[in-house]
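Keeping their order, the protein sequence lines are chains A and B.
With numbering that gives the first Met the number 0, the residue at position 69 of the first sequence is 68, and numbering never jumps.
With numbering that gives the first Met the number 0, the residue at position 368 of the second sequence is 367, and numbering never jumps.
Read the hints as simulated data drawn from the structure, not as lab findings.
Among the hints, a few may not be true.
Unchecked claim - Listed below are the simulated SDA-like cross-link pairs for lysine to any residue, each with C-alpha atoms no more than 25 Å apart in a straight line:
hint, chain 1, residue 1, chain 2, residue 2
1, A, Lys49, B, Asn343
2, A, Lys126, B, Asn343
3, A, Lys126, B, Leu16
4, A, Lys92, B, Gln29
Here is how the chains run, residue by residue.
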Amino acid sequence: MKMPQDLKYSEHDEWIRLDADGIHAWVGITAPAVEALSDLVFLDLPEVGKEIQQGEVFGEIESVKAVADLYAPMTGEVVGRNDALIDDLSMLKKDPYGDGWMLKIRVEKRIEADKLMKADAYALRLKSNPDHH
Amino acid sequence: MQKTVLNSLHAELGARLVEFAGFEMPVLYQDITAEHQTVRNAVGVFDLSHMGRVRFTGPRAMALANRVQTFDAESMQLGRVRYALMLTPEGTVLDDILISRETDGFLLVINAGNRSADLEVIHAEAKRLGATVRDDSEDIAMVALQGPNAATLMQRLGLGFATSLKYYCFVDGPSDFGNLTVSRTGYTGEDGFEILVPRDHACALFKAALQAGEDLGARPCGLGCRDTLRLEAGMPLYGHEMDLTVNPFEAALDHALRSKADYIGSPRIAALSQSAPMRRLCALFVDGPQIPRQGHEIVAGGQVVGVVCSGTRSPTLGRNIATARIDSAVLDADAALSVRIRRNEVGAQKTILPFYSRKRASGPVKESNS
Numbered sequence: 000m001k002m003p004q005d006l007k008y009s010e011h012d013e014w015i016r017l018d019a020d021g022i023h024a025w026v027g028i029t030a031p032a033v034e035a036l037s038d039l040v041f042l043d044l045p046e047v048g049k050e051i052q053q054g055e056v057f058g059e060i061e062s063v064k065a066v067a068d069l070y071a072p073m074t075g076e077v078v079g080r081n082d083a084l085i086d087d088l089s090m091l092k093k094d095p096y097g098d099g100w101m102l103k104i105r106v107e108k109r110i111e112a113d114k115l116m117k118a119d120a121y122a123l124r125l126k127s128n129p130d131h132h
Numbered sequence: 000m001q002k003t004v005l006n007s008l009h010a011e012l013g014a015r016l017v018e019f020a021g022f023e024m025p026v027l028y029q030d031i032t033a034e035h036q037t038v039r040n041a042v043g044v045f046d047l048s049h050m051g052r053v054r055f056t057g058p059r060a061m062a063l064a065n066r067v068q069t070f071d072a073e074s075m076q077l078g079r080v081r082y083a084l085m086l087t088p089e090g091t092v093l094d095d096i097l098i099s100r101e102t103d104g105f106l107l108v109i110n111a112g113n114r115s116a117d118l119e120v121i122h123a124e125a126k127r128l129g130a131t132v133r134d135d136s137e138d139i140a141m142v143a144l145q146g147p148n149a150a151t152l153m154q155r156l157g158l159g160f161a162t163s164l165k166y167y168c169f170v171d172g173p174s175d176f177g178n179l180t181v182s183r184t185g186y187t188g189e190d191g192f193e194i195l196v197p198r199d200h201a202c203a204l205f206k207a208a209l210q211a212g213e214d215l216g217a218r219p220c221g222l223g224c225r226d227t228l229r230l231e232a233g234m235p236l237y238g239h240e241m242d243l244t245v246n247p248f249e250a251a252l253d254h255a256l257r258s259k260a261d262y263i264g265s266p267r268i269a270a271l272s273q274s275a276p277m278r279r280l281c282a283l284f285v286d287g288p289q290i291p292r293q294g295h296e297i298v299a300g301g302q303v304v305g306v307v308c309s310g311t312r313s314p315t316l317g318r319n320i321a322t323a324r325i326d327s328a329v330l331d332a333d334a335a336l337s338v339r340i341r342r343n344e345v346g347a348q349k350t351i352l353p354f355y356s357r358k359r360a361s362g363p364v365k366e367s368n369s
């Protein structure tokens, strides 16, 4: 499976795109995760101004099948929330790494990025563990 | 984990396999909603081989049937299928089953998850009564064709002998797939057939149904859509609407108590039938996008008054539906209800089961006497 090279990935299938400004980042979930959930019905995201912590639950996504927690790939303050996505979850399937972004955060500890996977490592992990969803 | 004889075919067909009642079963092949619509509008092909198939034979079959389940076995005519319960001595539900009256006895189709508990009771009673029990669950597989095109597909498979069956009847017959037992039953709310097929012929039947039904819109369907279909149709599922902690009156299953025989649990049922149950099963429409699920609390006037048994997003109605067990006093007072779905509390409106019932085919048009 092809993963965008410019993103970092968490073990919980979130991605994060660090902005060139070195301060901000966008957060979403990966295409394989969206695929595994299927039939999405509900997305709960924190409001702007809230703090999210690396490795902690920041929201939930629900499909006909199940409810899944969303885990923060890095620590930061929420400075943007994709309300259009909450209203139209089909965007997650169409463009999970673009218009399907969930949060924009102000990153607090850039060093946390070292704990995340690069595209190749994430793809390898999916391959070795295809049923982890 | 156990596998049905169709397991590798499911994998070939791209199924997502999950554990269900000790079996590795397809939850979906592509998409639960699409498979649901296939059954509502065309025909779905299901593997039900995980369910238990148990036969009572010989002269004591009647006595055993009357002892272990709640339908009056003596009144059952040959070729009929009936819904019934197996109960505990305390009058709670051990299993819900289909019982068929066969030439030399009875066939019970039981839930996979309850098979060992059911068989423990059945074997103990059989020993006491001197009856013969045969567990056919391994030797015989089970495939269902469900949907408005099911009868046409049956014809194409050379199984036309079964298409004149009435609802809840069965017939035995020879076929290209060995000797079959076919019933006009299902768990989807659509017309359909459930086929008992010898293990070695099950794969051929499943493949032939998909192939012969291609232009009828036939596709393989998983247990995911089976659950959304049965809930729309208001059919109970063991472990949800009923279990060992619930009596039939609390699960709106009074209709399955159709025996005056001394069945297990009958003294308790006689006592319970004297008064109204303290809690009852109720159908709900639930507001909002979040899906009500088993275990979510029902709230009225700030108090927890019940619990969700099953819930889903109804593909046919496009809204969230649930069954819940709720205090009878609250239901009788017509109090406003809500459901606690994790951090939110959302409104719910009482309705009547089923959420969906199919339009039955009208009879032949009578010529007017002009």
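Structure-based check of all given hints:
{"no.": "1", "hint": "A:Lys49 <-> B:Asn343", "verdict": "19 Å, holds"}
{"no.": "2", "hint": "A:Lys126 <-> B:Asn343", "verdict": "37 Å, violated"}
{"no.": "3", "hint": "A:Lys126 <-> B:Leu16", "verdict": "17 Å, holds"}
{"no.": "4", "hint": "A:Lys92 <-> B:Gln29", "verdict": "15 Å, holds"}
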